[in-house]
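Trainee: Listed below are the residues making up each chain.
4 protein chains.
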Amino acid sequence: MVKQKRIAVLTSGGDAPGMNAAIRAVVRAASAYGIETIGVNNGYAGLVDGSFRPLDNRAVGGIIQRGGTILGSARCLRFHTLEVQRQALSHLQAAGIDGLIVIGGNGSQQGALALHRLGFPVVGVASTIDNDLAETETTIGADTALNTSIGYIDRLRDTASSHHRAFIVEVMGRHSGYLALMAAIATGAELAVVPEQDIAPETIVAGMLDTYARGKPHYIVIVAEGATLKAQDLVEYFQQHSGSFEARLSIMGHVQRGGSPTVFDRILASQLGAAAVHCMVEGRAGMLAGWAKSQVNEIPLEIAVAPCQKVTPELLELAGVLAR
Amino acid sequence: MVKQKRIAVLTSGGDAPGMNAAIRAVVRAASAYGIETIGVNNGYAGLVDGSFRPLDNRAVGGIIQRGGTILGSARCLRFHTLEVQRQALSHLQAAGIDGLIVIGGNGSQQGALALHRLGFPVVGVASTIDNDLAETETTIGADTALNTSIGYIDRLRDTASSHHRAFIVEVMGRHSGYLALMAAIATGAELAVVPEQDIAPETIVAGMLDTYARGKPHYIVIVAEGATLKAQDLVEYFQQHSGSFEARLSIMGHVQRGGSPTVFDRILASQLGAAAVHCMVEGRAGMLAGWAKSQVNEIPLEIAVAPCQKVTPELLELAGVLAR
Amino acid sequence: MVKQKRIAVLTSGGDAPGMNAAIRAVVRAASAYGIETIGVNNGYAGLVDGSFRPLDNRAVGGIIQRGGTILGSARCLRFHTLEVQRQALSHLQAAGIDGLIVIGGNGSQQGALALHRLGFPVVGVASTIDNDLAETETTIGADTALNTSIGYIDRLRDTASSHHRAFIVEVMGRHSGYLALMAAIATGAELAVVPEQDIAPETIVAGMLDTYARGKPHYIVIVAEGATLKAQDLVEYFQQHSGSFEARLSIMGHVQRGGSPTVFDRILASQLGAAAVHCMVEGRAGMLAGWAKSQVNEIPLEIAVAPCQKVTPELLELAGVLAR
Amino acid sequence: MVKQKRIAVLTSGGDAPGMNAAIRAVVRAASAYGIETIGVNNGYAGLVDGSFRPLDNRAVGGIIQRGGTILGSARCLRFHTLEVQRQALSHLQAAGIDGLIVIGGNGSQQGALALHRLGFPVVGVASTIDNDLAETETTIGADTALNTSIGYIDRLRDTASSHHRAFIVEVMGRHSGYLALMAAIATGAELAVVPEQDIAPETIVAGMLDTYARGKPHYIVIVAEGATLKAQDLVEYFQQHSGSFEARLSIMGHVQRGGSPTVFDRILASQLGAAAVHCMVEGRAGMLAGWAKSQVNEIPLEIAVAPCQKVTPELLELAGVLAR
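Protein chains in written order, with numbering that gives the first Met the number 0: chain A, 0 to 323; chain B, 0 to 323; chain C, 0 to 323; chain D, 0 to 323.
The shape of chain A in the complex, shown without the other chains:
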């Protein structure tokens, strides 16, 4: 057992609900091992600039239910160079820090991998609404983002009662259609337009006509921001090609990154944060604390950041059957 004396924790990339719960779990689990925790401000930018703050058990009180991240998060393009990475390490060493926990998604864990390869003990915590890390079925924040989406889409259904309209909702998810597809299944939306499966706009208009012919009272299409067919373009297609039919657009935007985390995300964050400390203390650096088969899964960082596919043919088929 290689026990650290002082570890640092940072949150990086797009905010995800539950990041605060993960910070809290890291601090309190470390404290139970007698390890001190230092917070890094604004992600890798704070690491490069040596912007730190002490975190004790009281400093992370009252944050488990808060959206956003108390440590801040920022993009840090300069972190891609070796020189800047070494600068970050020198700040960590100067502060007597002998381990780092990185809470974030794919891009953030690539930074963690870089530091690990320079020999510094790093453990990742899978946290992003985009659910874009391999070997972890879900990531902290995705459940909350989905619940935010369905609150929004359920409201649309209340009012989407005209047989001469399509409602188009753009949701986030970067290169993945995961959020779009799950939101579609969960709301009974008629269609999810995802990067993983191409669909022509004329098929969508035909789908609307068929849907109304079958007696359904609305036609709601969830479009992933990463899909080839963009939500805005689909709306324009309807205006030009669908006769008296019109399409109304909602763009959820960063709304999905905020909000108080759900039970699932709070407990996932609590478990992964504590597991990351455990993993560090037991000397297994270079790993990501993720979630698979209903339990904590330790995944080597280089595997975790590889491309992955969360939209399965089974889920696509289920969506189709249940939307009939």
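Since the hints were made in silico from the structure, they are not lab data. Hints are supplied without guarantee of correctness; some may be wrong.
Straight-line alpha carbon distances no greater than 27 angstroms define the calculated BS3-like cross-link-like pairs of lysine-lysine that follow [what the hints assert, rightly or not]:
no.	chain 1	residue 1	chain 2	residue 2
1	B	Lys215	C	Lys4
2	B	Lys292	C	Lys292
3	C	Lys215	B	Lys4
4	D	Lys215	D	Lys229
5	A	Lys229	B	Lys229
6	C	Lys229	D	Lys229
7	D	Lys292	A	Lys292
8	D	Lys4	A	Lys215
9	D	Lys215	A	Lys4
10	C	Lys215	C	Lys229
11	B	Lys229	B	Lys215
12	A	Lys215	A	Lys229
Simulated coverage check for chain D against chain A, where a stretch passes if three residues somewhere in it have a Cβ under 8 angstroms from a Cβ of chain A [stated by the list, open to error]:
no.	stretch
13	22-30
14	60-66
15	182-190
16	207-219
17	255-264
18	268-280
Interface residues of chain A toward chain D, partial, derived using beta-carbon atoms under 10 angstroms [to be verified]:
no.	residue
19	Ile62
20	Gly150
21	Pro260
22	Leu314
23	Ala318
Positions of the beta carbon are idealized from the N, C-alpha and C atoms, including for glycine.
Knowing the structure of chain A, use the given hints to seat chains B, C and D on it.
Mentor: Only chains B, C and D this time, still in chain A's reference frame:
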């Protein structure tokens, strides 16, 4: 007292949360007077086509908390001609209906006024999220639409922590900036762009720089759909003129029309629905049941549909002072 | 115009959602007048102990949407003696404070009145979920507390489908049945048991039988905590006297004091907080900023703390008609 | 493949959010196989009385987001006798039904097992907020019930700021402490009192004193309804033994059974409902569709209804570490 035996009720125009609570109040208040109520399907379209359904106390059970309208609502362009209006009246008379209650906003009450001028007893109930009727301070649905908006804008604030971004949120409200301004005050957004007050995009970028200079952690702009400066155009302006700054867009869309009504809207709907029946029974047709000075206000329909101004200089000033 | 240089603000009594929005409005409105604001910790207890903190525009950023109060609130029994009140004044004067704003309900404004009578300039802001101040139709927090209640009661209705049950919900409100009655109207509950109107348990059981006979699918009773007939006793009465019928109990408790404030409460708090500063600056101390006839109402403190009656016969009758 | 022509579906036991989503999935998955679905009203009572209704794809439209169950649910004590079970079977056979899907928890699946043992093809769907079925990690409704709980407990935390109080919240869960423990972890409550672990009231008072000594601003205790130490008794203990400290009580009650289901419950219900039909069609009757290791798990009914333990020592320890 000119007591009706059978009245009809319809909902018209864009859905507003609380319309169901108003229908329920009409039916049960009428029932307390011994009057039967007939529901008209799909607004004026159902009136023209004679599409009716009986409504008793049980038929309106379990709907007070539901968004949308159980009667449906549709646009009916053909209702603007006298011939079609007379056709509607003949359906009402054939069904033994001697009074009509119209639940809706400005456009809907213009239809009500037309029927009233043809001599049929009509009473309106002020219900629209756009709050676009005169002499009624608020209308059924506006409070819920605003609470829906702030739920989403609060989420944005959780995540709007980068000093290099502006968050642009488009909200509804048709020709009025009321929803945008009230949402801005209620969320502490930095600016509301409303039809009632012109603002140049360069002023908005300058405002962002000043806001960040004063140490505020975010810059959120609420844009009314009816404003001269469109949300989408503002986003493009940022892309072209603000250097490293970027603007992220959310478009709420019809989401604001849905959702379970708030306490305020349920009670307003309960009071206005009951008051409309009372007004009808006492022989004061041609009126709108609205809300002013914290009580029911009976407003002649021709006054209610006149242009009105709910965005006051005082509210605009308050927004400015409190956003500092 | 008697312009202050430095004013203090405190929150007192039970927490009410919107207190933070009121603190923010006081600070920023004062700042617009060039007046500095000092926060008093933990209500009158902090005043007696001289526990102060400076508040500037940035210190009240990000709090408009938060429940609770950043200043804390505590009961302070010793404040009832003249000696202790003088001690409080000496702390205020020692800190160079020449005005005090008290955000709270009836008990809190009695403290404000005591200080005013000792010659110190005090202005109150009406804020309590109990809505127990006279000449102000509503108070900051009541709308949010009601919306919290209906979220709770609507969920009960989803499941209250057995014809052999009564669901009893105890809500807060101290000596007033206002919250109970409004929640009952807004949820379509079958009965509100309020302090203002006595009802025997046998009448309630009979009401349940009649309700089910009329075909309603549930029987929900909202009991004010201040009612003569206690919720717990009503449940026991059902157990002993209603044969196969049973009653299930929910006690909301302090849940109603928390949560993010609604639009109505945020805007009310923004307007009343700003109005209190305005009132102070114009030299009208000894007043309460309240709300009546849809606008700010300045009420002399001695009138505001007199007994008042918000449960009217009209509202009781409306509840009865609409629950049929 | 033993393909059915017409199957029946019922919901039984306490309502669970997501039951409607499960009904919808059963109907539409069956429809995709060309199988007709008949709904049974009010659980086993409707089976005994032959109270059926046809369900097609349109009949289950617009219900995925609704709490409760459109089919109704009722206790049916008489179903325990063999004679009554045979009566139920004769109704099924008379209606040409050759398979039954039972959506419910432990008690309901015991009924399903009884019918299966009489030779009728039955498949269960794990749905109960109590999460009391073996070999399925979670059940439809538990996630929503937990999210409802934390919405209320978070509100308590907003206001639970007095160092002289304990807040006691009673949650459901029948014989299990699962809901209480998960809610405690998710809200950062200081203690969960569960049936699986005895605790003396004096330990709880001592815990409160220690908690406040460590600087935490509140002391919230979640008590499972099935715990040996009852919430009401704990409140009384505080009144008698804790000096100036007081305890405030909230009883959530049936509130936890209602509400719109979460994403997790909607998707779980969609998958389990479809899987149950699949299981039936493939001739594997006598099974329960549950969830384990992040996928559908088919569990023999006699195993599923055996006693199970979802409160693990690991979760109890995590709760303790994170509440420091």
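Trainee: Each hint should be assessed against the structure and marked as holding or not.
Mentor: Hint check:
The suggested pairing of Lys215 (chain B) with Lys4 (chain C) holds, with an alpha-carbon distance near 25 angstroms, which does not exceed 27 angstroms. Using a Cα cut-off of 27 angstroms, the hinted pair Lys292 (chain B) and Lys292 (chain C) holds, with the two alpha carbons roughly 4 angstroms apart. About 25 angstroms separates the Cα atoms of Lys215 (chain C) and Lys4 (chain B), which keeps this hinted pair within 27 angstroms; it holds. Restraint check for Lys215 (chain D) and Lys229 (chain D): the C-alpha separation of about 25 angstroms stays at or below 27 angstroms, so the hint holds.
Only pairs whose Cα atoms come within 27 angstroms are accepted, and Lys229 (chain A) paired with Lys229 (chain B) is accepted, the gap being roughly 20 angstroms. About 20 angstroms separates the Cα atoms of Lys229 (chain C) and Lys229 (chain D), which keeps this hinted pair within 27 angstroms; it holds. Between Lys292 (chain D) and Lys292 (chain A), the direct Cα distance comes to roughly 4 angstroms. Compliance with the 27 angstroms bound is thereby established for this hinted pair. Using a Cα cut-off of 27 angstroms, the hinted pair Lys4 (chain D) and Lys215 (chain A) holds, with the two alpha carbons roughly 25 angstroms apart.
Annotation: proposed proximity of Lys215 (chain D) to Lys4 (chain A) holds, straight-line Cα distance about 25 angstroms (limit 27 angstroms). The straight-line distance between the Cα atoms of Lys215 (chain C) and Lys229 (chain C) is roughly 25 angstroms, inside the 27 angstroms bound, and the hint therefore holds. At most 27 angstroms may separate the alpha-carbon atoms for a hinted pair to count; Lys229 (chain B) and Lys215 (chain B) meet this at roughly 25 angstroms. Restraint check for Lys215 (chain A) and Lys229 (chain A): the C-alpha separation of about 25 angstroms stays at or below 27 angstroms, so the hint holds.
Coverage of the stretch 22-30 of chain D by chain A holds [criterion: at least 3 residues with CB-CB distance below 8 angstroms; count 5]. With a threshold of 8 angstroms between beta carbons, the proposed coverage of the stretch 60-66 of chain D by chain A holds, since 4 of its residues qualify and at least three are required. Counting residues of the stretch 182-190 of chain D whose C-beta lies closer than 8 angstroms to any C-beta of chain A gives 5; at least three are required, and the coverage claim holds. Counting residues of the stretch 207-219 of chain D whose beta carbon lies closer than 8 angstroms to any beta carbon of chain A gives 4, which reaches the threshold of three, so the coverage claim holds.
Given a C-beta distance limit of less than 8 angstroms, the hint that chain A covers the stretch 255-264 of chain D holds, as 4 residues qualify and 3 suffice. As drawn, the stretch 268-280 of chain D meets chain A at 3 residues by the rule of a beta-carbon pair under 8 angstroms; at three or more, the given contact holds. Interface hint at Ile62 (chain A): satisfied, since its Cβ lies 9 angstroms from the closest Cβ of chain D, which is below the 10 angstroms cut-off. At its closest, the beta carbon of Gly150 (chain A) sits 8 angstroms from a beta carbon of chain D; the interface hint therefore holds under the 10 angstroms criterion.
Hint status for Pro260 (chain A) relative to chain D: holds, with the closest Cβ pair at about 9 angstroms, below 10 angstroms. Evaluation of the Leu314 (chain A) hint against chain D yields a held restraint, the C-beta minimum of about 9 angstroms falling below 10 angstroms. Residue-level restraint check for Ala318 (chain A) holds (minimum Cβ-Cβ distance to chain D is 9 angstroms; threshold 10 angstroms).
Hint check: no violations occur; every hint is consistent with the structure.
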